[in-house]
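Engineer: Listed here are the chains, written in short residue letters.
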Amino acid sequence: MKPKIYILIVEDEPEVLDSIVRDITEFEEHFQVEMADTAEEADEIISEIIEGGNLIGLILCDHVLPGKNGVELLIEMQQNEKTKPTKKVLITGQAGLEETVKAVNEADLKHYIAKPWEKSELVNITRNLLTDFVIKQIKDPLPYMQVLDAEKIAEHLRANRGITDQ
Amino acid sequence: MKFRLGTQWLDDRSSVTRLLQRVLDETGPTDNYIFNLDKDITIFHEGDKLNNIYILLEGTVQLYKKKPHTDNHFPVMELKSGSLIGIAAFTTGLPSLTTAKTMEKCRLLRIPKTDVDSLIKRHPQLSGYIDELILANLLERFRQNIILQMKLDSANKQLKEERNELKQAYKDLQNAQNKLVHQEKLATLGQLVAGFAHEVNNPTAALLRSTDTLDQHLRKFMARFNKEGEIADGSELNFFENGKKAGFPDTNTLRGRAKTLKEEFSRLQNSQIRLMAQMQPELIESLRSIYTDNPDYIQYYLDQFEFGKMFQNIESAGERIAGLVKSLKSYSRADTEDKYEWIDIREGLHDTLQLTSNRIKFYEIYTDLPEVPKIRADAAGLNQVWTNIILNASDVMGKTGSLDIRCGSTEEEVWVSIRDDGPGIEEEILEKIFEPNFTTKITGKKFGLGLGLSISKEIVSQHRGTIIAENAAEGGARFTVRLPVEG
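Taken in order, these protein sequences are the chains called A and B.
Each step along the first sequence adds one to the number in my numbering, with nothing skipped, and position 46 is 46.
Each step along the second sequence adds one to the number in my numbering, with nothing skipped, and position 160 is 1160.
Next comes chain A alone, as it looks inside the complex:
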C-alpha cells in the first residue's frame, strides 16, 4: 500500500487550531491532517504515523506550548531519521529571535509564520513545502499534481524521465 502523507498541526489554543485546519482544508483530499494540542501528544501521533509506515510531510507548529515547546519538538524531529525530511514551519506570536535562530540552525526550519497570518500565505507555504516534500520523498508524485504545484512536479517528472531515458 502506498504510504499516506500527513500534515501535523500543533497548537494549544483550540480556536487557533481550528482556524489553521480550516485554512488548509483544500489539501485534505490528498493529505491526512492530524492535530495535537501539546508537543507530547504530537510525539505520540508522530510515532503512530511512523509505525503505520506513513510519512509526515509537513508540521505547522506553535512555539509556546504547555510542557515541551515548539522549537524543542522541531529539533527532536530533525534528529530523528524518520522525521528529518518533514518540512518544518513555526506559526507563532511570540518566539524570540534566539529561539527562532535555534530552530533555523538546528531544526532546518523552513518557514516562520507570524500570527495573525493570512490564509493565502499559509496555503502558499503549505503548497510549496509539500510539493518539495513529495518530489523528494515519493516515487510517483503524479497524483499530487492536482493539489500541489503542478508545474514544479511536471518539471521534476520531465527531468527524471530524461535521466532514466539515457
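Hints listed in this document are in silico derivations from the structure and should not be mistaken for laboratory results.
Errors might be hidden in some of the hints.
[Said to hold, decoys possible] Think about it this way: if two alpha-carbon atoms lie no more than 20 Å apart in a straight line, the pair counts; the simulated SDA-like pairs of lysine to any residue are:
(1) A:K115 <-> B:A1317
(2) B:K1244 <-> A:V16
(3) A:K68 <-> B:F1362
(4) A:K115 <-> B:L1324
(5) B:K1399 <-> A:N69
(6) B:K1399 <-> A:G93
(7) B:K1067 <-> B:E1046
(8) B:K1185 <-> B:L1355
(9) B:K1361 <-> A:G93
Small disclaimer: the values here were computed from a predicted structure and weren't measured.
Based on the hints, put chain B in the right spot on chain A.
Structural biologist: Chain B alone, transformed into the frame defined by chain A:
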C-alpha cells in the same frame, strides 16, 4: 653632649638668644650682626645659597615652600624667637629649601659664615650655645615633622572617607536617576497604553456589533432560504445554534471520536468527520438518518454547524480582546486624574494576572481573595508591585509552576501575599533583594534592571506600608505586602 643650660630652654629659647646677645654685646659692637626687619620682608628665597646663619631674636618668621609647577607658596613652618633660620642650608651648604619671610617686626642676628669661626675663637662659650641652639632647632623640627605626619595621616583618612561618601552619593544619584528614567518610561507607556486601549476598543466593538447583526441577518436569510430551498426543514437552525454552543474538546478526544465516526460514516471525507467529532450527540443522531436518506445533504448541515462555530470563535476572540483592553486600561490608570483613589486591591490583582497571562499561562494559580476594605491608594503603582513580584516568580520558575495569591485584612491593614513554588531565595541575599540594582538575573534579558523590587518597596513605602520577602515553610518564596487601611 651636655646641656649647659639644662632642658628648660628647649621650651623657652629666648634665654639662649639673650645669652648669645649678651656675649656678643660684651665683646664689642653687635651692630654688624644685629638688624631689624619690618613685616613682610623676605629674608632669603627658596633655592638661594646661604652665606649667613640667621638667629631669630624677636618676632615671627614663616617658612614657605613653592608648590611644584605653580607660583603658589604654602606655609611650611612658623619660627619663633630662638630659632635658627636656614639651618639645613647653612649646615649642608645646599640651596635653601624654603623661603623665609617676616610675619611681624623682627630682630635677627645675621652672622656671615666666614665670621662664625673667628667669633667662636673669640668667644669659646659661643660654640656651646650655638650647638645647643642647632640641636634645639633640630629637635623642634623633628617634633614638627611628627605632628605633620599625624596631620597627614588624619587628612588622608578624612580624604578617604570623603571619597567614599562621594562614591556613595554618586551611586545614590545614579540609582535615583535610573529610577526616574524607569518611572518616566512607565508613565509614557501608561499614556500610550491608554491611547492604544481606546483605539483597540473601537474596532473590537465594531467586530462584535457586526457579528451580532450578521447573526440576525443570517437567521432571516436562512428562514427565507428554508421556504424556497429543497432540503431545508428548519432543523439546520438547530445545527447553527449548537455550533455556537459547541465547546472545544481536546485533540485526543477529537481523534477518538473521529475514529469511531469514520467507521460508521465511511463515505464522508476527513474534514467532514472532523467537524462531526465536535458535535453534540443529538446532532450526530439527526445526521445518521440524513446519511442514510440523503448523504449529499450532509455538507449543508455541517456548514450550518460551522457557521455557528465561527460566530462563537469571533465572539470569544472579540471578548478576549475587550477583556484584555479593559484590564490594560484599569491596570495603567492613565485616564484617572488623581493618583490616589479608593480601590479594591483585588481588582488590581486580577488585572495583573490577566496582563501577565502570557508568562503564567501554564501555571497552576490558586487564589484566595475574600472581600477586604477598600483603601486609598495609587492603583497603578500597586499594580506595578504585583507585576514585579509575579514576573520575578515567573523568571525563577520558568514555564511551569504554581502561584498562591491571597489577601486579607485586620482592623488596621490590608495584606496581600504571593507565593511561588520555585526554589526560594537564598538566605544570604534575602536582605539584599530590595536594594537598588540588586539582581540575580543575567543582564541583557528582558527584565533584569534590578530595580523592580526596590521600586516596589518605594511604592509600598509611599503608602506607609511594608513589603517583606521570606521563604515559605511549604516551599518557594513568599512576598507579603501590608497596607494601612486609613490611607
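Engineer: Provide an ascending list of the numbers of those earlier hints which the structure does not satisfy.
Structural biologist: none
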